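Using the sequences and the hints, build the whole thing.
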Amino acid sequence: MTTVRICHLYPENMNIYGDRGNISVLIKRLEWRGHSAIITRIGIGEEFLPGDFDLCYLGGGQDRDQNIIASDLAKKAAGIRCAADDGVAFLWVCGGIQLAGHGYTDSYGTTLPGVGILDLETVAGEERLIGDVVLDANIGDASFPIVGYENHIGRTYLGPDARPLGTVIKGFGNNGTSGDEGAVQQRVIGTYLHGPLLPKNPILADELLIWSLEHRSSGKVSLDPLGDDFTEAAQARAIERAHAKR
Amino acid sequence: MRHFARFIAKAIAFLSPVLKQGGGTSAPGLALLKLDPKAITRMANGLSDGRIVVSATNGKTTTTRILSKIIDKANIPSVSNAAGANLKSGIATTLLRRSSNHKLGVFEVDEGVLPEIVAEINANTIVLMNLFRDQLDRYGELEKIRENWKLMIDGLPASTKLLVNADDPSLVFASLDHPNLVFFGLGDTRYALESIPHAADSSQCPRCNNQLQYSQITISHMGDWSCTQCGLSRPNLDFEATEIELQGVESIKFKILSRTGEEVIEAKLPGLYNVYNALAAFTAAKQLDIETAVARTAIASVNAAFGRTESIQLGDKKLTMLLAKNPAGANSNLDTLLLHPDRFHLAVLLNDRIADGKDVSWIWDVDYEKIFHKIESMHVGGERAYDLALRFMYGGYSPERITVNDKIGHLIDCLMTETPSNETIFVLPSYTAMLDLRGELVNRGLTHDFWEEGL
Numbered sequence: 001m002t003t004v005r006i007c008h009l010y011p012e013n014m015n016i017y018g019d020r021g022n023i024s025v026l027i028k029r030l031e032w033r034g035h036s037a038i039i040t041r042i043g044i045g046e047e048f049l050p051g052d053f054d055l056c057y058l059g060g061g062q063d064r065d066q067n068i069i070a071s072d073l074a075k076k077a078a079g080i081r082c083a084a085d086d087g088v089a090f091l092w093v094c095g096g097i098q099l100a101g102h103g104y105t106d107s108y109g110t111t112l113p114g115v116g117i118l119d120l121e122t123v124a125g126e127e128r129l130i131g132d133v134v135l136d137a138n139i140g141d142a143s144f145p146i147v148g149y150e151n152h153i154g155r156t157y158l159g160p161d162a163r164p165l166g167t168v169i170k171g172f173g174n175n176g177t178s179g180d181e182g183a184v185q186q187r188v189i190g191t192y193l194h195g196p197l198l199p200k201n202p203i204l205a206d207e208l209l210i211w212s213l214e215h216r217s218s219g220k221v222s223l224d225p226l227g228d229d230f231t232e233a234a235q236a237r238a239i240e241r242a243h244a245k246r
Numbered sequence: 247m248r249h250f251a252r253f254i255a256k257a258i259a260f261l262s263p264v265l266k267q268g269g270g271t272s273a274p275g276l277a278l279l280k281l282d283p284k285a286i287t288r289m290a291n292g293l294s295d296g297r298i299v300v301s302a303t304n305g306k307t308t309t310t311r312i313l314s315k316i317i318d319k320a321n322i323p324s325v326s327n328a329a330g331a332n333l334k335s336g337i338a339t340t341l342l343r344r345s346s347n348h349k350l351g352v353f354e355v356d357e358g359v360l361p362e363i364v365a366e367i368n369a370n371t372i373v374l375m376n377l378f379r380d381q382l383d384r385y386g387e388l389e390k391i392r393e394n395w396k397l398m399i400d401g402l403p404a405s406t407k408l409l410v411n412a413d414d415p416s417l418v419f420a421s422l423d424h425p426n427l428v429f430f431g432l433g434d435t436r437y438a439l440e441s442i443p444h445a446a447d448s449s450q451c452p453r454c455n456n457q458l459q460y461s462q463i464t465i466s467h468m469g470d471w472s473c474t475q476c477g478l479s480r481p482n483l484d485f486e487a488t489e490i491e492l493q494g495v496e497s498i499k500f501k502i503l504s505r506t507g508e509e510v511i512e513a514k515l516p517g518l519y520n521v522y523n524a525l526a527a528f529t530a531a532k533q534l535d536i537e538t539a540v541a542r543t544a545i546a547s548v549n550a551a552f553g554r555t556e557s558i559q560l561g562d563k564k565l566t567m568l569l570a571k572n573p574a575g576a577n578s579n580l581d582t583l584l585l586h587p588d589r590f591h592l593a594v595l596l597n598d599r600i601a602d603g604k605d606v607s608w609i610w611d612v613d614y615e616k617i618f619h620k621i622e623s624m625h626v627g628g629e630r631a632y633d634l635a636l637r638f639m640y641g642g643y644s645p646e647r648i649t650v651n652d653k654i655g656h657l658i659d660c661l662m663t664e665t666p667s668n669e670t671i672f673v674l675p676s677y678t679a680m681l682d683l684r685g686e687l688v689n690r691g692l693t694h695d696f697w698e699e700g701l
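The listed protein sequences correspond, in order, to chains A and B. Residue numbering for the first sequence follows the working numbering, starting at 1 and increasing by one per position. Residue numbering for the second sequence follows the working numbering, starting at 247 and increasing by one per position.
Where hints are given, some of them may not hold.
[To be verified] Over 12 Å on every C-beta distance to chain B, these chain A residues come out as not near it, computed from the model:
#1 20
#2 33
#3 40
#4 52
#5 68
#6 79
#7 81
#8 112
#9 177
#10 195
#11 197
#12 214
#13 217
#14 218
#15 221
#16 236
[What the hints assert, rightly or not] Distance condition first, Cα-Cα at most 20 Å in a straight line; then the derived SDA-like pairs of lysine to any residue:
#17 390/B <-> 422/B
#18 390/B <-> 106/A
#19 616/B <-> 645/B
#20 604/B <-> 106/A
[As the list claims (entries may be wrong)] Away from chain B, derived, C-beta distances all over 10 Å, residues of chain A:
#21 51
#22 103
#23 123
Since the hints were derived computationally from the structure, they do not count as laboratory data. Bear in mind that the values here come from a model prediction, so they are computed numbers and not experimental data. Backbone N, C-alpha and C fix where the C-beta goes; we use that ideal spot for every residue, glycine too.
Structure representation (structure tokens):
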């Protein structure tokens, strides 16, 4: 049927929180519906051509790795903005949400530039925000829960063009005070949630896949739901455990 | 006041096994440090023949255990926290139990608190084995620990002897400027990996960030490495393991080459990671001038520490557990399972308590796929059993063939009734899942409490 072209950015450097799992979920959920995916791994020094992809993934890395890739990412920024404007789906997680914004200012006051596909700014805080998270997410007309795990020192503040991915029910979210988590703008999703994110959040995974299929085929696309007991149980358990005092 | 503090702590030490608080491996020390924060330094002063510290992400318990056994066989009275309580409280507890003729101490130390403990006990020998990704929620990130270790090494007196695994590039970089260094590592082995595993960190040069070249990869990012840009490379090995033979999930045999000759070593511990452990312990023993024959006999007699390749008979089935608490360790275990000649029954158990790491995303970095063809039956358990089920499902393992069993008692019942006679069950538990499993097996009279085991 349709082959979705997925770009996995800096998989060698930005992969600390089981990011590979997100890619597996995207591939399998396409394959289970008779579609397929081609994964292109793009690293330091390699060119990003905006016309080549329907979905772009960037995961989280250690500070050292994030610093290593940031200058290279700046060279790809124009192409990445072009892809976002063209309706390519993006999922940028953890370090990714920071680099998707206008910039990240670390605790020494140094600013790493972002690519500017999400209207947000990030500054380093004092303490890391760590723990299980439950969100009430809203994308388009859909409203659904998202579960995940966060671990970040950055405090992210949204500008007027970005909407939050969801409202925090449990956890800290973007900055620990606004009650928001993540950001959505065009078809770009940024979030701090890993776990990894997609295995326990199939609605979100499918939303990204619908966007990428629509980008590929230039028409309206729907995906048949895929029920499976493990996913439902895993998500229900995560919500239950996040609410329970431990 | 000091005497009072010790009295209280000793009273707790006496009581806690009775109260079943983990055999009292930490509680007395915790109480002591509350009352007397400088107690470790004061008590360690008495260890006039040496204070040896072993640290690593993986292998510190086993290495300390092997080294203690060697020291024991050499008839040197020594004290050691061989039950794995490796934070300050555990070390203080160990020191409390030291008798006055113990002049040598061997301590495994958690990598996060190593600099603090090295300073407090005034360590004169430090064994550094490896650093892998582990429990990101607890320590922040690996890079931070590396930086802290480097700062610690930069501040060491020249008299402190550093024994360093030369196969780990970041440890070599951190220790290079120290004047008193002994390097150990693996020579050519046919058990090398074809490529760097996905979970590996730091395959970049620790000095210049260039991609490292490897002529051999052993575990994760470790091996025979060099940087083509800045010229940093694995140093010459003072103690080198060669002619390695891995004998199933049972034992190892290899040769150690050093300036003083070559020795054949055998151990009833499986896998390449135990070659590193035994090699490190041997290297440390030689610094104490222990005779090689004594070391060899001692190593051959060591049993794995509880939960680390520990085998327990379940009626007419054999259950073998291999602790798997981070991607590098889990991948090493999978490589070891591949040495098992037959297909096997597998149970993977995952908890997310503090000692396991509350962030379980690491299971997605483990290459479970490589053992799929060896699995006869598949159970997942622990508090995060469904996360494991998803991990295997998205890895391509048929979900109909995965049994979720998140109650430990029920899991053991199933394994006992469903596994055919004389077959082997391998269990890969996270740390507290291992304790839960052992606890249940102890309750059923199938094994003993871990604090009751000898070396």
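Each hint tested on the structure:
Chain B draws residue 20/A into its interface by the beta-carbon criterion, the shortest separation being 6 Å against a cut-off of 12 Å. Its beta-carbon lying about 15 Å from the closest one in chain B, residue 33/A satisfies the requirement of being farther than 12 Å from that chain. With a minimum CB-CB distance of about 17 Å to chain B, residue 40/A clears the 12 Å threshold, and the non-interface call stands. Non-interface status of residue 52/A relative to chain B is upheld: no Cβ of that chain comes within 12 Å, the nearest being about 24 Å off.
A Cβ of chain B approaches the Cβ of residue 68/A within 12 Å, the least distance being about 6 Å, so the stated non-interface status is violated. A cut-off of 12 Å between C-beta atoms confirms that residue 79/A is not in contact with chain B; the least separation is 24 Å. Listed as a non-interface residue, residue 81/A keeps its Cβ farther than 12 Å from every Cβ of chain B; the least gap is roughly 27 Å. The beta carbon of residue 112/A is kept farther than 12 Å from every beta carbon of chain B, the shortest such distance being approximately 16 Å.
Taking the minimum C-beta to C-beta distance to chain B, about 21 Å, the non-interface status of residue 177/A holds against the 12 Å cut. Distance to chain B contradicts residue 195/A as a non-interface residue, since its nearest Cβ pair spans about 5 Å, not more than 12 Å. Look at residue 197/A: its CB is around 9 Å from the nearest CB on chain B, not clear of 12 Å, so calling it non-interface is violated. The non-interface label for residue 214/A is consistent with chain B: the shortest C-beta to C-beta separation is roughly 24 Å, beyond 12 Å.
Distance check for residue 217/A against chain B: the nearest CB is about 25 Å away, which clears 12 Å, and the non-interface claim stands. The Cβ of residue 218/A lies farther than 12 Å from every Cβ of chain B, with a closest approach of about 29 Å, so its non-interface assignment holds. For residue 221/A, the requirement that its beta carbon stay farther than 12 Å from each beta carbon of chain B is met, with the minimum near 22 Å. With a cut of 12 Å on Cβ distances, residue 236/A falls inside the contact zone with chain B, its closest approach being about 9 Å.
Restraint check: the Cα-Cα separation between residue 390/B and residue 422/B comes to about 18 Å, which is no more than 20 Å; the hinted pair holds. With a C-alpha separation of about 15 Å, the suggested pairing of residue 390/B with residue 106/A holds against the 20 Å cut-off. With a C-alpha separation of about 17 Å, the suggested pair residue 616/B and residue 645/B falls inside the 20 Å cut-off, and the hint holds. Our distance criterion of 20 Å between C-alpha atoms is broken by residue 604/B and residue 106/A, whose separation comes to about 26 Å.
Look at residue 51/A: its CB is around 29 Å from the nearest CB on chain B, clear of 10 Å, so calling it non-interface holds up. At roughly 21 Å, the least C-beta separation between residue 103/A and chain B is larger than 10 Å, which holds for a residue marked as non-interface. Once the 10 Å rule is applied to beta carbons, residue 123/A is consistent with being away from chain B; the minimum gap is 18 Å.
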